[in-house]
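Protein chains: 2
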Amino acid sequence: MNYGIVIFPPRDVQDLANSFRKRYDPRYSLIPPHITLKYPFQLKERKLEDVVSHLEKVAERTEPFQIEFHKVSTFHPTTNVVYLAIRNEEPVIRLHEQCNEGILYDEETYSYVPHLTIAQEMTNAELNDIYGTLRMKDINITAEIDRFHLLYQMENEMWTVYQTFLFNKKK
Amino acid sequence: MNYGIVIFPPRDVQDLANSFRKRYDPRYSLIPPHITLKYPFQLKERKLEDVVSHLEKVAERTEPFQIEFHKVSTFHPTTNVVYLAIRNEEPVIRLHEQCNEGILYDEETYSYVPHLTIAQEMTNAELNDIYGTLRMKDINITAEIDRFHLLYQMENEMWTVYQTFLFNKKK
Chain A
2 MNYGIVIFPP RDVQDLANSF RKRYDPRYSL IPPHITLKYP FQLKERKLED VVSHLEKVAE
62 RTEPFQIEFH KVSTFHPTTN VVYLAIRNEE PVIRLHEQCN EGILYDEETY SYVPHLTIAQ
122 EMTNAELNDI YGTLRMKDIN ITAEIDRFHL LYQMENEMWT VYQTFLFNKK K
Chain B
2 MNYGIVIFPP RDVQDLANSF RKRYDPRYSL IPPHITLKYP FQLKERKLED VVSHLEKVAE
62 RTEPFQIEFH KVSTFHPTTN VVYLAIRNEE PVIRLHEQCN EGILYDEETY SYVPHLTIAQ
122 EMTNAELNDI YGTLRMKDIN ITAEIDRFHL LYQMENEMWT VYQTFLFNKK K
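As they're listed, the protein sequences go chains A and B.
Take the first sequence: its position 64, counting from 1, is numbered 65 in my numbering, and each next residue is one higher.
Take the second sequence: its position 146, counting from 1, is numbered 147 in my numbering, and each next residue is one higher.
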């Protein structure tokens, strides 16, 4: 089965992202707006328990943090994706690294850039149009992040949450 | 904000349900296949913490259980919904009752019947056709249930998981 690990930002960020995704992201209806922590990976049923226990430990040593979406950016020419960029990437990168350790380690072909996709699967011409419009948007939205989710993919390519992992709220 | 409480059955049940939902359920892309424990309800942000703590207690006193989907049924003429029916409804009804207690109490207009919707929003003529076909299906699928989820609804009417609640696995 295919699994993935994501952060769902709070609803105001999701609504903003969806206002773009609806038009520009063909995967709009497969998964809510998210920041990918670990890209889809195959997992045997029997390893699931160990993965969950690994992710519980990651969440346990992470404190809630704030991120600030501050502009629209693109991965072009590497790939034709347009996304909301994050000003302070460090806490998300740290989470990504921990989600890719131990039992979950996979060699990575690209360096990881935290992002929230709002447009993808475009031709170069479409990208020029869309990015040309979206890059002018004034993006300035802050989000409190205090959890992440392990998801699995159904046969129809849509995703379901398997489990939430809450960060450690030190009082 | 609108919240809801559901059980996502394991993927094999979801894939089966989606094979029908894809054609017959206009809400197919809004939420993965699920058993509703509590219908959408409004909740003020400031009450969320108390609701989460209530649901943690409910999960803590619930042990994992098995359910058996055994036939296709309908709520017609009350409402034109076709669903996978559950043979042993008791553990799901008990969960529903606890999800509707204390801070989450709402008066209910219908008596609660656990079900997994596979078709809805049809005219009577469509329902006759669809139910006529689906009721002949040989449904016999067992599912282990060990968690439920609190969800919120985004502006576009799609749902995101806020938190998973794991049942108490006595070793």
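Be aware that one or more of the hints could be misleading.
The list cannot tell twin chains apart, which means a pair is met if one copy fits it or any two copies do.
In silico lysine-lysine, DSSO-like type, Cα no more than 30 Å apart, as pairs [as the list claims (entries may be wrong)]:
1) K45 <-> K171
2) K138 <-> K48
3) K45 <-> K23
4) K58 <-> K23
5) K23 <-> K72
6) K72 <-> K58
7) K58 <-> K138
8) K138 <-> K72
9) K138 <-> K171
10) K170 <-> K72
11) K23 <-> K170
12) K72 <-> K48
13) K171 <-> K23
Just so you know, the hints here were simulated from the structure itself, not pulled from any lab data.
Intra- versus inter-subunit Cα pairing at 30 Å for K170 with K72
For K170 and K72, the Cα distance is within 30 Å only inside one copy (29 Å; across copies 45 Å).
My question is about K45 and K171: at a cut-off of 30 Å on alpha-carbon distance, are they close within one copy, between copies, both, or neither?
This pair counts as between: shortest inter-copy Cα distance 24 Å, intra-copy 34 Å.
Between copies, within a copy, both or neither: which fits K23 and K72 at Cα up to 30 Å?
within (19 Å within a copy, 36 Å between copies)
Tell me, please, which holds for K138 and K48 at an alpha-carbon limit of 30 Å: within, between, both or neither?
neither (44 Å within a copy, 34 Å between copies)
State whether the alpha carbon distance between K138 and K72 is at most 30 Å within one copy, between copies, both, or neither.
Intra 8 Å, inter 52 Å, cutoff 30 Å: intra-copy only.
One pair to classify: K58 and K138, alpha carbons no more than 30 Å apart. Within, between, both, or neither?
This pair counts as neither: shortest intra-copy Cα distance 38 Å, inter-copy 44 Å.
From the Cα coordinates, with 30 Å as the cut-off, is the pair K171 and K23 best called within, between, both, or neither?
neither (38 Å within a copy, 44 Å between copies)
Cα distance capped at 30 Å. Does K72 pair with K58 within a copy, between copies, both, or neither?
neither (32 Å within a copy, 41 Å between copies)
At most 30 Å between C-alpha atoms: does K58 with K23 qualify within a copy, between copies, both, or neither?
Neither: 36 Å inside a chain and 38 Å across chains, both beyond 30 Å.
Evaluate K138 and K171 at a C-alpha cut-off of 30 Å and name the case that applies: within, between, both or neither.
Classified as neither: same-chain Cα gap 36 Å, cross-chain 53 Å, threshold 30 Å.
Quick one: K45 to K23, C-alpha cut-off 30 Å, is that within a copy, between copies, both, or neither?
between (33 Å within a copy, 27 Å between copies)
When no copy is specified for K23 and K170, does a C-alpha distance of 30 Å or less occur within a copy, between copies, both, or neither?
Neither way: K23 and K170 sit 34 Å apart in one copy and 41 Å across, limit 30 Å.
Hint violations for this structure: numbers 2, 4, 6, 7, 9, 11, 12, 13, all remaining hints satisfied.
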